[in-house]
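Sequence order for the protein chains is A and B. Residue 42 in the working numbering sits at position 40 of the first sequence; the count goes up by one each step and never skips. Residue 1591 in the working numbering sits at position 158 of the second sequence; the count goes up by one each step and never skips.
Since the hints were made in silico from the structure, they are not lab data. A hint or two may mislead.
Subject to a maximum C-alpha distance of 16 Å in a straight line, what follows is the list of computed EDC-like cross-link-like pairs (lysine to aspartate or glutamate) [stated by the list, open to error]: (1) B:Lys1574 <-> B:Glu1589; (2) A:Lys43 <-> B:Glu1543; (3) A:Lys240 <-> B:Glu1485; (4) A:Lys241 <-> B:Asp1483; (5) B:Lys1539 <-> A:Asp46; (6) B:Lys1539 <-> A:Asp16; (7) B:Lys1513 <-> B:Asp1564; (8) A:Lys43 <-> B:Asp1542; (9) B:Lys1539 <-> A:Asp50; (10) A:Lys241 <-> B:Glu1485; (11) B:Lys1539 <-> A:Glu56; (12) B:Lys1539 <-> A:Glu38.
If the Cβ cut is set under 8 Å, some of the chain B residues that face chain A in the computed set are [stated by the list, open to error]: (13) Leu1533; (14) Leu1535; (15) Gly1537; (16) Lys1539.
As the structure is a computational prediction, the values presented were derived from the model and not from experiment. Note that beta-carbon positions come from the ideal geometry of N, C-alpha and C, so glycine has one too.
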Amino acid sequence: MSNDRIKVGAVIYDPRVTVIWGIIADFFKEEGLEIECLFYKDYDAQVDGLMNREIDIAWNSPLAWLDAYLRTDGKCQMGSMRDTDRDRKTCFIVRKDSRITNIVGLRGKTIGFGAIDSPQARLIPINHLYKNGLEYGADYTEKRFDIGVGLHGDHIGGELEAIRALMAGTVDASVTLDLNWDTWKKDGTIDENQLVCIDTTALFDHCIFVAHPDFPTERFREWQKVLHRMDYNNEAHKKMMDMEGLKEWVEGRIAGFQQLREANDYLKFFKYVSS
Amino acid sequence: MIKRSTDEINPVYESRIFDMNFRGTSNDLSSVKIFTSKSSFQIEKQISFDLENKQITSLEYFAGSVLSSIILTLLEQSKKRGSIIEEIEGVLNLSLENPLSLVGVKGYDEEPFIRNITVTVFLFVDLEDNDFDEFTFNALKNSPIYNTLKRSMGLEIIFKKLI
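Turn these sequences into a full structure, and let the hints steer you where they fit.
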């Protein structure tokens, strides 16, 4: 019986997050499709787990999606994502009194980034700067806040430290995901009168379920069909969906990872040969 | 009659040691029922990371035991001095190290343990500072749980006098 369970992987850095996966597992059991959750300490280990079939499906960061995509020559299967994973953007923040008014004004400045492997707080914004004529390693100084390396920016610590450095005046600008920028303005973490967003990246997508190329596609479809039955109006489902930050599961798409692929090519983050 | 010095007195075992025994059973092979001499209580989990969990866990009983022992020893000493404590409240902060080992995250296999405990006790008591310090210090001497844990882990007790 246990062999029939679909094995789903997730990266966990906070034990409280396992509660979410417990609720998801219970939900699938009630729907007659049992899953077994396996937890990993970082995305490298999770993609390894997917590649060696320790798990069938991985809840991947965008960078872990790219890792799996490259390792499988593009054959890994793309699954669902949260509604909130779609159409995100990174904000470039400066102090209002800095006289920096646009992205070009960051030339020669020190920019605070998140962790080395954060798509939203390092890789994508570096690519955005490059597209605007600012070369990495030449036209600005990178000040990185490597908190939670291996978690691909899931932990907000790096972005938070970067914006604190901006407020303290030790960097000239910082980058952060739009959702964090909005939250910090609302909860008072930052003073909106002191800081301003001068530019944003184009829209990109975030986390996504990824299945191994050999995992039966029909089974993956069936699994996703059940996943999409989660209903925000159902009180039992709402708790988990609030904790995971979504109102509905939506179809995944890879178009939203284009900027990340460009960033990877530009920075040669993964040492794979592009197909 | 020859008067013997106290050093020569060899008290019986019962005078030196109070033994207590507890029985724990698990009929459902899931939860544990602990029997005291006249009562019992059920524990389902060592620890829960679910903020909405209502069942008291082993770790919560442990923390409650530490905090209650410290507050009770202060109250007992207060009564001996004519109930000098008018109000008392305590807060316990506990840091559990390596929690991810407990939830089976691959890559984490170090033993989970309590790194430190800080107990802050707020007291409304009419004592001068020196007397207050002496009172709290002496009261702690009568907490067997405090005296045991202070030998084995980082345990800090902070007393704050409410004026």
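- Check each numbered hint from earlier against the structure, then list the numbers of those it violates in ascending order. none
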